[in-house]
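Spelled out, the chains give:
2 protein chains.
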Amino acid sequence: MNLILLSPEDLTSPSSAVITDLRRLTHIKNIHGAAVGDTLKVGMLNGNMGKGTITGLGESEISLALDLTEPPPAALDLTLVLALPRPKMLRRILQTIATLGVKKLHLINSYRVEKSYWQTPFLEAANIHEQLLLGLEQGCDTRLPQVHLHKRFKPFVEDELPALIAGTRALVAHPYTPNVCPSQIDYALSLAVGPEGGFIEYEIALLQKCGFEAVHLGERIMRVETAVPYLLGRLF
Amino acid sequence: MNLILLSPEDLTSPSSAVITDLRRLTHIKNIHGAAVGDTLKVGMLNGNMGKGTITGLGESEISLALDLTEPPPAALDLTLVLALPRPKMLRRILQTIATLGVKKLHLINSYRVEKSYWQTPFLEAANIHEQLLLGLEQGCDTRLPQVHLHKRFKPFVEDELPALIAGTRALVAHPYTPNVCPSQIDYALSLAVGPEGGFIEYEIALLQKCGFEAVHLGERIMRVETAVPYLLGRLF
Numbered sequence: 002m003n004l005i006l007l008s009p010e011d012l013t014s015p016s017s018a019v020i021t022d023l024r025r026l027t028h029i030k031n032i033h034g035a036a037v038g039d040t041l042k043v044g045m046l047n048g049n050m051g052k053g054t055i056t057g058l059g060e061s062e063i064s065l066a067l068d069l070t071e072p073p074p075a076a077l078d079l080t081l082v083l084a085l086p087r088p089k090m091l092r093r094i095l096q097t098i099a100t101l102g103v104k105k106l107h108l109i110n111s112y113r114v115e116k117s118y119w120q121t122p123f124l125e126a127a128n129i130h131e132q133l134l135l136g137l138e139q140g141c142d143t144r145l146p147q148v149h150l151h152k153r154f155k156p157f158v159e160d161e162l163p164a165l166i167a168g169t170r171a172l173v174a175h176p177y178t179p180n181v182c183p184s185q186i187d188y189a190l191s192l193a194v195g196p197e198g199g200f201i202e203y204e205i206a207l208l209q210k211c212g213f214e215a216v217h218l219g220e221r222i223m224r225v226e227t228a229v230p231y232l233l234g235r236l237f
Numbered sequence: 002m003n004l005i006l007l008s009p010e011d012l013t014s015p016s017s018a019v020i021t022d023l024r025r026l027t028h029i030k031n032i033h034g035a036a037v038g039d040t041l042k043v044g045m046l047n048g049n050m051g052k053g054t055i056t057g058l059g060e061s062e063i064s065l066a067l068d069l070t071e072p073p074p075a076a077l078d079l080t081l082v083l084a085l086p087r088p089k090m091l092r093r094i095l096q097t098i099a100t101l102g103v104k105k106l107h108l109i110n111s112y113r114v115e116k117s118y119w120q121t122p123f124l125e126a127a128n129i130h131e132q133l134l135l136g137l138e139q140g141c142d143t144r145l146p147q148v149h150l151h152k153r154f155k156p157f158v159e160d161e162l163p164a165l166i167a168g169t170r171a172l173v174a175h176p177y178t179p180n181v182c183p184s185q186i187d188y189a190l191s192l193a194v195g196p197e198g199g200f201i202e203y204e205i206a207l208l209q210k211c212g213f214e215a216v217h218l219g220e221r222i223m224r225v226e227t228a229v230p231y232l233l234g235r236l237f
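In order, the protein sequences belong to chains F and P. To convert a position in the first sequence, counted from 1, into my numbering, add 1. To convert a position in the second sequence, counted from 1, into my numbering, add 1.
Honestly, the hints are just simulated from the structure, not real lab data. There may be inaccurate statements among the hints.
[As the list claims (entries may be wrong)] Cross-link-like lysine-lysine pairs, in silico, DSS-like; alpha carbons within 30 Å at most:
(1) F/K210 <-> F/K104
(2) F/K116 <-> P/K104
(3) P/K104 <-> F/K89
(4) P/K210 <-> P/K105
(5) P/K210 <-> F/K116
(6) P/K116 <-> P/K42
(7) P/K30 <-> F/K42
(8) P/K116 <-> F/K89
(9) P/K155 <-> F/K89
(10) F/K30 <-> P/K116
(11) P/K42 <-> P/K30
(12) F/K30 <-> P/K104
(13) F/K105 <-> F/K89
(14) F/K104 <-> P/K30
(15) P/K89 <-> F/K42
(16) P/K210 <-> F/K89
(17) P/K52 <-> P/K116
[To be verified] Every beta carbon over 10 Å from chain F, so not counted as near; a handful from chain P, in silico:
(18) L69
(19) Q96
(20) P122
(21) E220
(22) R221
Keep in mind it's a predicted model, so treat the numbers as computed, not measured. Glycine included, each C-beta is placed from N, C-alpha and C at the ideal position.
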């Protein structure tokens, strides 16, 4: 937690807040070893960041005087389309994309996505929200990514994806193509990453028809949780 | 497991092998759904890769005829120096660096590395080896990374590191520097990555004295397991 994230319900006035939940209380007390008068790095969810000065420190609540004048870091100009990963990996990937500044994530079905993955409680809105908060707190950002779920591949790619990628260059990571993934780009991007084992040829063909270029990352096959930061480090 | 890795003790002749351990047996039977006559992607630890044709498929062993003529993918021209991460993260990072082609890893102490991390059984040679194998099997590589442990920061940096980084450009990831991390390099590199919370100023100064340049990755603070693939994707 490199940033204490506040939500509107924490506010007691436009410039003061009270934290009462155990997770943030424990963190501030234990990790920061905080005392009245100390300042913490604080941000308002979907708002500015800045300083929170501790004005009260009780057993079950911490009061803060807020000075939030800095905008959050710039978002990546990216729409990320990801085949739904296995539940354990999903949680880490939600944190990672929030940390790295992805704001538009579409989790989609694919032939090699196991059906059971769609049943995981980690896909419930509250649980997605929780992992995104952890990622924002790590990365020092306040703007919550938007996560959309699409349980059917073909209708999504044919009916929704064309509008989502309009005005962007669209790439799909695919081992079996001669084209190398570009690097250090300065334009709006859409990026699709398949499941473990990759998209099948039919899916690649449908994505290409929709406007995606297949690009490879070399000979090595990465797990999705490795490929996502690797790709973002390379591209942006 | 995108590659079945063999070790010398699996060989029954220079061109045949028998697999008897439960992990690889189960994988081949369940995931590949293999039958006699099928070919699998196979590699010899620290040797060539190629095809293994199933010649026998029993309850407790699988026999393979080997045709291993392809060299493994090129290694990264990199010496990676990493502050020892927490045990759970260590296992994933060992897999990740093996998948991505890192061959020289030095795990070091640092002020913000908790002393207890050095006590983890995951640092035993057999356990490190196991995670590296998983990473090689994922990335389709055969060459085992060399992992070295250094429990004392100052003697390592002053007495050993100068020789290790000789002939390379040496970078240390550090948020508080004006210099941006380079990208898409084509020279030998040494890269140091600190613990959660970063290297302290004294450590950065000692690394700089040793020849490291501090470079930043933007405003966002990444977990080490995110920063490593992010950096490698950007640099190579």
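Comparing the hints with the structure gives:
1. F/K210 <-> F/K104: With Cα atoms ~25 Å apart, F/K210 and F/K104 stay inside 30 Å; holds.
2. F/K116 <-> P/K104: Judged against 30 Å, a Cα distance of about 37 Å means the pair is violated.
3. P/K104 <-> F/K89: Holds, at about 28 Å.
4. P/K210 <-> P/K105: Since the Cα atoms of P/K210 and P/K105 sit roughly 22 Å apart, the hinted pair holds (cutoff 30 Å).
5. P/K210 <-> F/K116: 54 Å, violated
6. P/K116 <-> P/K42: Violated, at roughly 41 Å.
7. P/K30 <-> F/K42: Violated. P/K30 to F/K42 sits at ~53 Å, over the 30 Å cutoff.
8. P/K116 <-> F/K89: 28 Å, holds
9. P/K155 <-> F/K89: Not OK: P/K155 and F/K89 at ~38 Å, beyond 30 Å, violated.
10. F/K30 <-> P/K116: 21 Å, holds
11. P/K42 <-> P/K30: 14 Å, holds
12. F/K30 <-> P/K104: 41 Å, violated
13. F/K105 <-> F/K89: With a Cα-Cα distance of about 21 Å, the restraint between F/K105 and F/K89 holds, given a limit of 30 Å.
14. F/K104 <-> P/K30: 41 Å, violated
15. P/K89 <-> F/K42: 27 Å, holds
16. P/K210 <-> F/K89: Violated, at roughly 42 Å.
17. P/K52 <-> P/K116: 45 Å, violated
18. L69: 16 Å, holds
19. Q96: Nearest chain F Cβ is 8 Å from P/Q96, so the label is violated.
20. P122: At roughly 21 Å from the nearest Cβ of chain F, P/P122 sits farther out than 10 Å, so the non-interface label holds.
21. E220: Incorrect as stated: the minimum Cβ-Cβ distance to chain F is 4 Å, not above 10 Å.
22. R221: Non-interface label on P/R221 violated, nearest chain F Cβ at 4 Å vs cutoff 10 Å.
The structure does not agree with the numbered hints 2, 5, 6, 7, 9, 12, 14, 16, 17, 19, 21 and 22 stated previously, though it agrees with the rest.
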